[in-house]
Amino acid sequence: MIPDLGKYADAVLWSYAVSLGLLIALFVLSVMRGRKVRAEMEKVENRMMRNG
Amino acid sequence: MIALLLRDLKLAFRAGGGFGLGLAFFLIVTVLVPFSVGPQSSLLSTIAPGVLWLGALLACLLSLDRLLALDWEDGSLDLLATAPLPLEAVVSIKALAHWLTTGLPLVLAAPFLGVLLNLPVPGFFWLVISLLIGTPAMSVIGTFGAALTVGLKRGGLLLSLLVLPLYVPTLIFGAEVARRGATGMETQTPLLMLAGITAATIALLPFASAAVLRINLR
Amino acid sequence: MSIAAKANTLWEYANPRKFLATSERVLPFFWISSLVCLVVGLTWGFFFTPDDYKQGSTVKIIYLHVPASLMAINCWLMMLATSLVWLVRRHHVSALAARAAAPVGIVMTLIALATGAIWGQPMWGTWWAWDPRLTAFLILFLFYLGYVALWEAIEDSDTAADLTSVLCLVGSVFALLSRYAVNFWNQGLHQGASVMRAAAVTGADTEEKVSNIYFYPLLLCIIGFVLLFIALVLYRTGTEIRARRIKALLSRERLNG
Numbered sequence: 001m002i003p004d005l006g007k008y009a010d011a012v013l014w015s016y017a018v019s020l021g022l023l024i025a026l027f028v029l030s031v032m033r034g035r036k037v038r039a040e041m042e043k044v045e046n047r048m049m050r051n052g
Numbered sequence: 001m002i003a004l005l006l007r008d009l010k011l012a013f014r015a016g017g018g019f020g021l022g023l024a025f026f027l028i029v030t031v032l033v034p035f036s037v038g039p040q041s042s043l044l045s046t047i048a049p050g051v052l053w054l055g056a057l058l059a060c061l062l063s064l065d066r067l068l069a070l071d072w073e074d075g076s077l078d079l080l081a082t083a084p085l086p087l088e089a090v091v092s093i094k095a096l097a098h099w100l101t102t103g104l105p106l107v108l109a110a111p112f113l114g115v116l117l118n119l120p121v122p123g124f125f126w127l128v129i130s131l132l133i134g135t136p137a138m139s140v141i142g143t144f145g146a147a148l149t150v151g152l153k154r155g156g157l158l159l160s161l162l163v164l165p166l167y168v169p170t171l172i173f174g175a176e177v178a179r180r181g182a183t184g185m186e187t188q189t190p191l192l193m194l195a196g197i198t199a200a201t202i203a204l205l206p207f208a209s210a211a212v213l214r215i216n217l218r
Numbered sequence: 001m002s003i004a005a006k007a008n009t010l011w012e013y014a015n016p017r018k019f020l021a022t023s024e025r026v027l028p029f030f031w032i033s034s035l036v037c038l039v040v041g042l043t044w045g046f047f048f049t050p051d052d053y054k055q056g057s058t059v060k061i062i063y064l065h066v067p068a069s070l071m072a073i074n075c076w077l078m079m080l081a082t083s084l085v086w087l088v089r090r091h092h093v094s095a096l097a098a099r100a101a102a103p104v105g106i107v108m109t110l111i112a113l114a115t116g117a118i119w120g121q122p123m124w125g126t127w128w129a130w131d132p133r134l135t136a137f138l139i140l141f142l143f144y145l146g147y148v149a150l151w152e153a154i155e156d157s158d159t160a161a162d163l164t165s166v167l168c169l170v171g172s173v174f175a176l177l178s179r180y181a182v183n184f185w186n187q188g189l190h191q192g193a194s195v196m197r198a199a200a201v202t203g204a205d206t207e208e209k210v211s212n213i214y215f216y217p218l219l220l221c222i223i224g225f226v227l228l229f230i231a232l233v234l235y236r237t238g239t240e241i242r243a244r245r246i247k248a249l250l251s252r253e254r255l256n257g
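Protein chains in written order, with the numbering used here: chain A, 1 to 52; chain B, 1 to 218; chain C, 1 to 257.
The hints are simulated quantities; they were obtained by calculation from the structure and are not laboratory data.
Glycine included, each C-beta is placed from N, C-alpha and C at the ideal position.
Some hints could be false.
[Claimed, not checked] With a straight-line cut-off of 25 Å between C-alpha atoms, the simulated SDA-like cross-links for lysine to any residue are:
{"no.": "1", "chain 1": "A", "residue 1": "43", "chain 2": "C", "residue 2": "254"}
{"no.": "2", "chain 1": "B", "residue 1": "10", "chain 2": "B", "residue 2": "27"}
{"no.": "3", "chain 1": "A", "residue 1": "36", "chain 2": "C", "residue 2": "20"}
{"no.": "4", "chain 1": "A", "residue 1": "36", "chain 2": "C", "residue 2": "245"}
{"no.": "5", "chain 1": "A", "residue 1": "36", "chain 2": "C", "residue 2": "18"}
{"no.": "6", "chain 1": "A", "residue 1": "43", "chain 2": "C", "residue 2": "149"}
{"no.": "7", "chain 1": "A", "residue 1": "36", "chain 2": "C", "residue 2": "23"}
{"no.": "8", "chain 1": "C", "residue 1": "247", "chain 2": "C", "residue 2": "149"}
{"no.": "9", "chain 1": "B", "residue 1": "153", "chain 2": "C", "residue 2": "149"}
[To be verified] Reference listing, derived: stretches of chain B covered by chain C, where coverage requires no fewer than 3 residues with Cβ under 8 Å from a Cβ of chain C:
{"no.": "10", "region": "144-152"}
{"no.": "11", "region": "155-169"}
When you get a sec, could you build the whole thing from the sequences and use the hints?
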């Protein structure tokens, strides 16, 4: 499956792992914060509506 | 204007803050270097120009958070902002006062510390010249950093984080002048670049500092 | 359509509500297209391109390194542009977009530095060399850190937007200055180190051209990174707008109650 990377296999695999890991981490953190903030906004907005 | 300068200088002397502390810090850093890299005089004389520049830079940084913070706390900064003197001038005077109390003493002390680090003889002249030209830029840039962080309670660390990257060009050219001077190479190009950076920062950065200070005083 | 009318339609997105509504609509497109581009580009690059005769399989790192480096710089340029828009036209979305972009820029810079170091170890025999390009990137990283730290430190969001905008302007000038200073500084150290010419291979803007086999997957990856960047920034800007709204609502509530 994985092509023969020769003696540099470590370098190539590590750089892909590090980069994709960082990108995924950024994505997950962004989405987590986004969800939290959105839920909180809805909560606050609903409360404001009820209280006028 | 002159009254403001005199007031700032007087305060600096009385508080003893920037003036003595900066110098003492510079001395201590210089003394610690041989402990960390070993006492071989050939090694020390190679790194001496760079170490002295770095020491001067850090000593300069040390006194920055007091530059505007005291005036901010006792409210005299608000007074200065409403005074007829434009804020750009106030900021420039502050920077000048900082340079006179911190930068200039560092320049004068540098040759003596150069002796400790086995600085080669032709290096002394260029070290003093480069610091003399470079330290005003450090004061002006530092004033900008101080203006940015003046309203913050724990601004000290942030101030260093903001100001140090801005010091990079000055450090590169300044230390290059000193290093080239110490090894007897021509120093004209870096010296001109250093002088250019200093002139440009003195001319332009006070506007940014004043703008930032206005935002913070709003 | 005249230019003025066009400009007007663009400025409409300065309205947070309009921005949220529109970004909500286009975001799925950006997410999916960036994912497709990245998956295809990286798979193509990783599985279906031959090894370079000199660099061996490490040439495959190019598909991550070059796009990330490009985006690291473009992100700062975008922050500079949005900071200017905020300072001149006072559109909150603009300032918040700059804030939202900064962490993305940090990650891009980190990827560029990390892949560069991993590539440099077998190729140059060292993880890190004080080559002008590398050094300039490290300095850019420091500027990003300072920018984010300033945003985090200030309570009032308008003051923070103002101060960080000014910092971004001043920082841009100094970053550019550092770039040239660093060029000068390293030349002064060792005259034209020939190994560093290898850096030309990874730089898309240099004379040494990347050959076609590598170019098309690379182009796809670059497009994928651009789309991903846009998607992330749009999404994160939406988050910042909502966070700001929460703050405003809460302070109004406190005022009334």
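In rising order, the numbers of the hints this structure does not comply with: 6
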